[in-house]
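A.B. asks: Full structure from sequences and hints, please.
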Amino acid sequence: MAVWTKDFARIKPLVEWDNNMGCVTITYNAPLERYLMCVTDGTNTVWKFNTYILEANEITGPWRLVGYLKDFGEQAYFVNFPSKFIGGDGRTLWLCYAANFTNGWLGTSLKSNPPGSRYAMCLQEVRLLGD
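Take the sequence shown: its position 82, counted from the start at 1, is 210 in this note's numbering, and no numbers get skipped.
Think of the hints as simulated: they come from the structure by calculation, not from any bench.
Quick caveat, the model's predicted, so the values are computed rather than measured.
The beta carbon of each residue, even a glycine, is placed where N, CA and C say it ideally should be.
Errors might be hidden in some of the hints.
The calculated lysine-lysine pairs, modelled on BS3-like cross-linking and capped at a C-alpha distance of 30 Å, are [unchecked claim]:
hint	residue 1	residue 2
1	K198	K176
2	K212	K134
3	K198	K239
4	K198	K140
5	K176	K239
6	K212	K198
7	K212	K140
8	K212	K176
9	K212	K239
Cβ pair distances, simulated, as ranges [what the hints assert, rightly or not]:
hint	residue 1	residue 2	range
10	W145	D199	11 to 21 Å
11	A137	W222	34 to 44 Å
12	K134	D199	31 to 41 Å
13	R246	M129	33 to 43 Å
14	K198	R255	13 to 23 Å
15	S237	F136	40 to 50 Å
16	Y156	L257	16 to 26 Å
C.D. replies: Pasting the structure below:
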């Protein structure tokens, strides 16, 4: 059971999935009254990364999978939804990340997927659908 508190001795993980969670970020989407969690899978450190997005009504969950992005970036990391980049309706927002850091120093040839992904601050506009 997740425990979110200022008392460090009592905290418990919000989500656990051994060897499938690398960098994790959470943003509160105030207009939708939802938390959005972005996770880079963390299965490796120098090749393609998968990203998945979860949502919850409370920071302690339960969390629901709402998006899975295979080979996103293709090596996207620190994926997040900056709260200042969420539109007034909560449905238009910007996904922020950096990608493909090994192309410059390990000689990999990872693609820019989606276009604009690179070793820099990347922003992609997102429109949330559904209820």
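A.B. asks: Confirm or reject each hint.
C.D. replies: Taking the hints in turn, this is what the structure says about them:
1. For the hint pairing K198 with K176, the CA-to-CA distance comes to about 9 Å; that is within 30 Å, so the pair holds.
2. At most 30 Å may separate the alpha-carbon atoms for a hinted pair to count; K212 and K134 meet this at roughly 25 Å.
3. At most 30 Å may separate the alpha-carbon atoms for a hinted pair to count; K198 and K239 meet this at roughly 13 Å.
4. A C-alpha spacing of about 29 Å is found between K198 and K140, which places the hinted pair at or below 30 Å, so the restraint holds.
5. Simply put, K176 and K239 have alpha-carbon atoms about 10 Å apart, close enough for the 30 Å limit, and the pair holds.
6. Under the criterion of a C-alpha separation no larger than 30 Å, the hint pairing K212 with K198 is consistent with the structure, at around 26 Å.
7. Our distance criterion of 30 Å between C-alpha atoms is met by K212 and K140, whose separation comes to about 28 Å.
8. Restraint check: the Cα-Cα separation between K212 and K176 comes to about 29 Å, which is no more than 30 Å; the hinted pair holds.
9. Between K212 and K239 the CA atoms are separated by roughly 29 Å; this keeps the pair inside 30 Å, and the hint holds.
10. For W145 paired with D199, a C-beta distance near 19 Å keeps the hint of 11 to 21 Å intact.
11. In this structure, A137 and W222 meet the distance hint of 34 to 44 Å, their C-beta atoms being roughly 37 Å apart.
12. For K134 and D199, the hinted distance range of 31 to 41 Å is satisfied, since their beta carbons lie about 38 Å from each other.
13. Our hint of 33 to 43 Å for R246 and M129 holds, since their Cβ atoms are close to 41 Å apart.
14. Our hint of 13 to 23 Å for K198 and R255 holds, since their Cβ atoms are close to 20 Å apart.
15. Checked against the given bound of 40 to 50 Å, the beta carbons of S237 and F136, roughly 43 Å apart, stay inside it.
16. Under the hint 16 to 26 Å, the C-beta atoms of Y156 and L257, about 20 Å apart, fit the expected range.
In summary, the structure agrees with every hint in the numbered list given earlier.
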